[in-house]
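**Student:** Listed below, chain by chain, are the residues.
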Amino acid sequence: MGDDNSYDIRSILSQMREEYWQALAGEESEAKETLECLVFTLGGKRYAFETHYASEVIRVPKLVRVPAVQSLIRGIFNLRGEITAAIDIRPMLGLPQPEIGPTGRILVVRGENFATGILAEAAHGVQGLSFDGFEPVASGSGMKAQFVRGHFNLEEGNVILLDMETLLADPELVAGEA
Amino acid sequence: MGNRYLEIFCREAEEHLASLQSGLLVLEKNPARTDLLHELLRNAHTLKGSARMVGLADISAITHTMEEQLKGMESGERKVDARGIDLLLRGADAVALITSALMRGEKPELDVERFVAEYDRGELGQQLHTEPRESQPEAALADTVRADVKTLDHLVNLVGELIINKKRLESKLDRLKEITGALPAGHVTELAAFRGELEEDVLYLDYLIQELHAKAMGLRMLPLRTISDGLERLVRDLAQQLGREVRFQIVGQAIEMDRVLLDGLKPILIHLLTNALSHGIESPEARAAAGKPRQGAVLLSARHQGNSVLVEVRDDGRGMDPAGIKTAAVARGVLDPREAEALSDDEALYLTFRPGFSTADIVTDVSGRGVGMDVVKKNIERVKGSVTLASVPGSFTQVTLQLPLTLSVLDALIVACGGETFAIPTTYLQEIVKVRASEIDTLGSGEVIKVRGATTPLYSLPGMLGLTDRREAGDLTLSAVVLKHCDQRIACIVDAHLGYSEVVVKGLGKQFRNVRFLFGATIMGDGNPALILNVPDLFESGRGVRRATLSAEEAQAAQRRLKVLVVDDSITTRTMEQSILVSQGYAVVTAVSGEDALEKSAQEQFDLVISDVEMPGINGFELTRALRASEQYRDIPVIIVSSLSRDEDKRQALQAGAQAYIVKGAFDQGLLLETVQMLIG
Chain A
1 MGDDNSYDIR SILSQMREEY WQALAGEESE AKETLECLVF TLGGKRYAFE
51 THYASEVIRV PKLVRVPAVQ SLIRGIFNLR GEITAAIDIR PMLGLPQPEI
101 GPTGRILVVR GENFATGILA EAAHGVQGLS FDGFEPVASG SGMKAQFVRG
151 HFNLEEGNVI LLDMETLLAD PELVAGEA
Chain B
1 MGNRYLEIFC REAEEHLASL QSGLLVLEKN PARTDLLHEL LRNAHTLKGS
51 ARMVGLADIS AITHTMEEQL KGMESGERKV DARGIDLLLR GADAVALITS
101 ALMRGEKPEL DVERFVAEYD RGELGQQLHT EPRESQPEAA LADTVRADVK
151 TLDHLVNLVG ELIINKKRLE SKLDRLKEIT GALPAGHVTE LAAFRGELEE
201 DVLYLDYLIQ ELHAKAMGLR MLPLRTISDG LERLVRDLAQ QLGREVRFQI
251 VGQAIEMDRV LLDGLKPILI HLLTNALSHG IESPEARAAA GKPRQGAVLL
301 SARHQGNSVL VEVRDDGRGM DPAGIKTAAV ARGVLDPREA EALSDDEALY
351 LTFRPGFSTA DIVTDVSGRG VGMDVVKKNI ERVKGSVTLA SVPGSFTQVT
401 LQLPLTLSVL DALIVACGGE TFAIPTTYLQ EIVKVRASEI DTLGSGEVIK
451 VRGATTPLYS LPGMLGLTDR REAGDLTLSA VVLKHCDQRI ACIVDAHLGY
501 SEVVVKGLGK QFRNVRFLFG ATIMGDGNPA LILNVPDLFE SGRGVRRATL
551 SAEEAQAAQR RLKVLVVDDS ITTRTMEQSI LVSQGYAVVT AVSGEDALEK
601 SAQEQFDLVI SDVEMPGING FELTRALRAS EQYRDIPVII VSSLSRDEDK
651 RQALQAGAQA YIVKGAFDQG LLLETVQMLI G
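Protein chains in written order, with UniProt numbering: chain A, 1 to 178; chain B, 1 to 681.
Only chain B is shown next, with the shape it has when bound in the complex (with noise of 0.2 Å):
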């Protein structure tokens, strides 16, 4: 376990443990104040999941017991009382010891096993020698600060404003530059020397301004290390719930990248490694008898390209079979024989992303997420990445994944489009092209160009946009940009290009929620806006679903929270997953059972469904067959939160049409905000 992954993790329960700690001392002072419970379990819980997640079994017993004590006072089967308080306290004092001794890098003095026996008897037990705070070497603390996440993010985008403000300065440099141009010829020494001047000050601004965008940034910059631990563990938990032989090795490990775009690479790591363990490397008698080392290898490796990252998770094992995913394909109605007949082997990889696709995967899903490769998909689009797969069957499955280092700062082509202009992200960008009329050919009721020989679909972008499309007849030259994304491949008709630019990337706000073709926009030289586009939603619009826009009703239904509905018979489990969503912005309802959970979604319309397994009445299996077979609910996303562990419960939940399946003894708020996160945004 890495030293940094253990520091997070005991400052973390610092903070747990002095919340716990105050909030006990509330509470054996107002003993009837029973609401601070809740907040009590959640610091437990939260420090028992993390402790979990590390690998400290001592930590996630003691709290652990003391979680069930809590439990216990919530449900009013144990009194709040000065023994119970001080039990507790007691609890987080033997957790305090152990983070303490972990920190100095020493062996806790404690027997946790008699502690926890002692413990749930009610016994307050062994002596602790807890040591006042103070002792803790602080040295490797004192030359570091701890900075709020909003402080940072407020830095850079004032480091955003100071390189817009920088571009309007070189606008007005261009401007004086023509000024002094146009000028009688005796002024112009004067103003030339005193622009030169001004133009050398511009550009030691310029370089201050990149030096503290670095700086500014690089706060927010982590390494690949901070996620990669608890990648290992999932590994290895996996490979031996699988019976796989693994060697699992990171590369670039060291790599940085923004909190924000690590956070949101997690889960689709999490993803890939598990693809690559359940349908990648074969069992070892498998790879033995087709002639391979019975250890199957699996590669993570990150390394830099340009001003991105590519991540990379390649596996020796089956690889991909084209045929088949085309088969399963067609079979699965996510497209007809014909289209399958047409498209290549690499393109047909390319199937697994499609909606649909993955529904039968999910049953063989180990992680017990089971969420198809459509959702990783919309997740990498999220953070502005794009994916490459590549596979020989029988040999080596490769996914690669190429993101930005950051998402307020991108490398943008900008482009002139129906009278405005929009920044395109050059992750999307493959090449600018110049067509001539003559070179446009129509295919079906598109038009295509080649592109370095391949066919590739030609659309204006104007157009495609909505905007004012003028395109003049006759055999000019139209200026065009190809856009990747995945294995595809589109060219689109700009009125010009204005060059490259990089773009401090500014959010629409409030008022555009989730709004198609924008990922945001910036301000150019002139302090003008210029749009920044998305270009996924792009490819989608060349597919042919072009909306108008929008009516009323879908403005209404965009400007709605998401909704969901918890059904747990436990008040605990209940209150728990409504705090945590409501935490996260989701509107919450709640029921009690099945029946009232059939009776509530029938009322009003809710996005996803978590529910239990075991409830009194019809169980978490049946409603969620219930819902499946209502027409309103055909669609929407159930996820599983079950005690429940067998894979024979996981398979006959995705049977019934759930989405995910989620252990409760792994459950911590991190994976199901995620799994709801992946699931609706």
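This is chain A alone, in the form it adopts within the complex (with noise of 0.2 Å):
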């Protein structure tokens, strides 16, 4: 798309939000204020993302494989009524896969087109993380970087903020053929 004219829907949001996180970020640290996530365990280490995204934690339902998908849709469940579908995103964020055993739950978000089961090796409930600990990503540092916003250094360790808007946004969370 080489047009001058065109313009690119992505950069142009990338960079509203880069805009939002920055005045955000310089309002916070001087009033000292906390970001509200909900944190949980991906791979084996804690990650995060900010709790509006979130609209429920659940235990991990039966889950109906389906055919002919991509190997990150682990299956459906039905909530309430809907169909959802449980997504494995530690393949896209570079982790290893350990076994969702008794203490997964499914952190059930909603994106712009639709509401989707992400699965955790553990849900740690709602925390304030403080932006004096924030450290953004480094620039460069990474494909793998693509869905990550920066990282919180807290005393009982790190905890990863995930970038939910360009994680929900991504193709691959998509199935079906055009």
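In short, the hints are calculated from the structure, not lab data.
Fair warning: there could be bad hints in the mix.
What the hints assert, rightly or not - Calculated lysine-lysine pairs in the DSS-like style (CA-CA distance at most 27 Å, straight line): (1) K150/B <-> K166/B; (2) K172/B <-> K62/A; (3) K79/B <-> K29/B; (4) K266/B <-> K600/B; (5) K266/B <-> K150/B; (6) K434/B <-> K510/B; (7) K563/B <-> K62/A; (8) K484/B <-> K434/B; (9) K29/B <-> K62/A; (10) K215/B <-> K266/B; (11) K62/A <-> K45/A; (12) K510/B <-> K62/A.
Stated by the list, open to error - Quick list of simulated restraints, FRET-style, between CB atoms: (13) L95/A <-> S630/B: 38 to 46 Å; (14) K510/B <-> A122/A: 27 to 35 Å; (15) K510/B <-> G43/A: 23 to 31 Å; (16) A122/A <-> D635/B: 44 to 52 Å; (17) P171/A <-> D635/B: 19 to 27 Å; (18) E540/B <-> A122/A: 51 to 59 Å; (19) L183/B <-> G43/A: 44 to 52 Å; (20) E339/B <-> G43/A: 35 to 43 Å; (21) G72/B <-> P171/A: 18 to 26 Å; (22) D8/A <-> S630/B: 22 to 30 Å; (23) H304/B <-> L95/A: 52 to 60 Å; (24) I209/B <-> D8/A: 50 to 58 Å.
We put the CB at the ideal spot given by N, CA and C, even for glycine.
Mind assembling these two chains? They're in different frames, but the hints should get you there.
**Tutor:** Quick look at the structure:
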């Protein structure tokens, strides 16, 4: 699309997000405020995203496998009458995939187009994460960083903040043929 | 013209008139708001199209002049002033006058010819006696309410939830029965009595739910009549155009179907009837020479069969010639001569459904939409129907469609397969069979079994679906289902049959776009989902096209919206087509000329191109040829929308490589959308 008149909506969006983030970070750091996040474990590491993306956290129900779709869609389940997919985003983040055991949960998130369930090894509830300890992701730190905004240095260790907007907009989450 | 149809039109007209009126009044106060013109133009245009559909020439003539005036205002050729707006309001009044007279069953007191002539001269002319709305007879409307389609769908969904919950109760009852059975004798009596009562309650609940479900579904059901009036018109016009004498009869007009299905059925019927007239019924002379009555007969009939509807289109024309079809199919590279030889006459008829077969047919396709039978087949699959062909050369052709009554609840066979539970819609189910390993033969690279004497390919359903396949060795009896689609039968081994059930169809949601093998999901008594199979996909897969998991690029391709390029030098047509398509979720890019279109199509890939013919610079035909010549656009459908209506123009368009041709005179948004949907979904 080398048209001069055309514009890349993605770059505009990410620029807007950047500005929003910077404005927010600037403002918040002055006030020493915290970001309310849902914290959970993926690939043995602690991850988080802002609570407003999450609609609920549930135990892993029976997942019905769907034929002929990409492997990250691990199955579908009945979320109070709505057929919902359970997805394993760990490969997207370059993480190992330890088995989802009894502590496993599904984090139901609502994207722009659909609600989907993210499989996590464990959920640790909602925490206010202080911006004081936030380090944005360094640019050029590789492909795997595309869904990561940065990390919080906490006493008990690192918590990585996911870029849920980018993640949920990723075409890899959608099954189907053209 | 059916009364009902007229009523629908008048109701539609009322809405458009109201929005015309309010829009015009806003415009009068703010003449600078020319952005409103577009919506007004759309109102007038739709009204014109609808009036033409129901044969109300008077209204069509008036709205045409209004449209011309609005177009003039939009292009800046006419001033948006009080006088112009007055004139437009007068036009709306005239239409209202006619519709209200029609509703009362009276003749409108308006000299339309004079009115239009005066209108074109910009004179306000005749005084109109429009009556205040209150005076319209309201009695007929008093015991009906209008409901939002969304509300209806929601209602049906809720009833679906009720059915699922009832099933859950039923499975709890079964569990209770087991528990009761396992208890020591002393406690049993009381519990058994309790269980008996509960059973009765659930049974009564079941009865109520069934009643409720029937009523809720009934709200979405419409009789075939709602689409058949238009079909009568179509057949009449076509017969005239083609010089055929045809008696068209419709049986079963009162048969009701889900509105959604009926919408899907309409383009299919249009196509089948067009085929019957253009390829089936011979000229009166040819018929007389063959010892047939000069007048041909076309019969459209609908009837219930079990839980489905059978719709048949039958003509007593020249029939389909299996040998001719085979030759044509070989000539067009649809199959090789060896395959052709192996086909039976019955099977040969279905070659017409193969993609690529009907490319030559479109040249003679008088309806001007020129869409092949393969697209019809796709549409039938989309509404979960199956199709059977029967024909005797020189005598008749009969196309039978079997369709479900609704798409929201289906009868299905539940099977266990690869550790999961699947529902198979019974429309596609021929029978359940038990197969012994010793009964399986190998033929070529695949396995076959005999089903009622017919050699039937045998597949493993888990294998086809890419699930774990555990077929044990030894001469164990295997469970299989025999599926039918068009003329084909395949047998699929499953782990076990779990019985028949009415299943509530739930969509898989936006995360699953056009996913292969699946039609939707349902929720079983245990609260877990089960997937509903899309059987036609299995037949495709049976031909050996097994697809692996989607690559990231494919997934990406699936996610984007379908893109359409609209090429027209008229801003009205362009924007109109654009707004129609955008409202249906297509991404639209417009081009103002053929050159512009070529430039834009080189920069990005479109899924469909809609083009005008007459444009400054290279015309639509040349554009089509240029697109066809490029690697990137060789197979991308092109629709020509033009005011040129001669057969010669159509032929030229189709020879250039266009898939469909829509005449602007008969242009309405429905036709355009139907054609677009037929071609790219």
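**Student:** Quick check on a hinted range of 52 to 60 Å for H304/B and L95/A, using CB atoms only.
**Tutor:** 56 Å, holds
**Student:** For the pair supplied as a hint, K266/B and K600/B, is the alpha-carbon distance within the 27 Å limit?
**Tutor:** 34 Å, violated
**Student:** For the pair we were handed, K563/B and K62/A, check the Cα-Cα distance against 27 Å.
**Tutor:** 38 Å, violated
**Student:** Between K150/B and K166/B, is the straight-line Cα distance small enough, at 27 Å or below?
**Tutor:** 24 Å, holds
**Student:** In this structure, is the beta-carbon distance linking D8/A and S630/B contained in 22 to 30 Å?
**Tutor:** Since the Cβ atoms of D8/A and S630/B sit about 25 Å apart, the hinted range of 22 to 30 Å holds.
**Student:** For the range 35 to 43 Å, tell me whether the beta carbons of E339/B and G43/A fit it or not.
**Tutor:** 52 Å, violated
**Student:** Run the distance test for K79/B versus K29/B: straight-line Cα separation, threshold 27 Å.
**Tutor:** The given pair, whose Cα atoms are some 14 Å apart, holds under the 27 Å limit.
**Student:** What's the verdict on K484/B and K434/B, does the C-alpha distance respect the 27 Å limit or exceed it?
**Tutor:** The hint holds at about 17 Å.
**Student:** Decide if the proposed pair is consistent with the structure: K266/B and K150/B, CA atoms, cutoff 27 Å inclusive.
**Tutor:** 21 Å, holds
**Student:** Using the C-beta atoms of I209/B and D8/A, is the stated range 50 to 58 Å upheld?
**Tutor:** The hint (50 to 58 Å, Cβ to Cβ) holds, given that I209/B and D8/A are roughly 52 Å apart.
**Student:** CA of K434/B to CA of K510/B, is that 27 Å or under?
**Tutor:** Cα-Cα ~38 Å, so violated.
**Student:** Given the hint of 19 to 27 Å, is the C-beta distance from P171/A to D635/B inside that range or not?
**Tutor:** 23 Å, holds
Against the hints set out earlier in the document, violations occur for numbers 4, 6, 7, 9, 18, 20 and 21.
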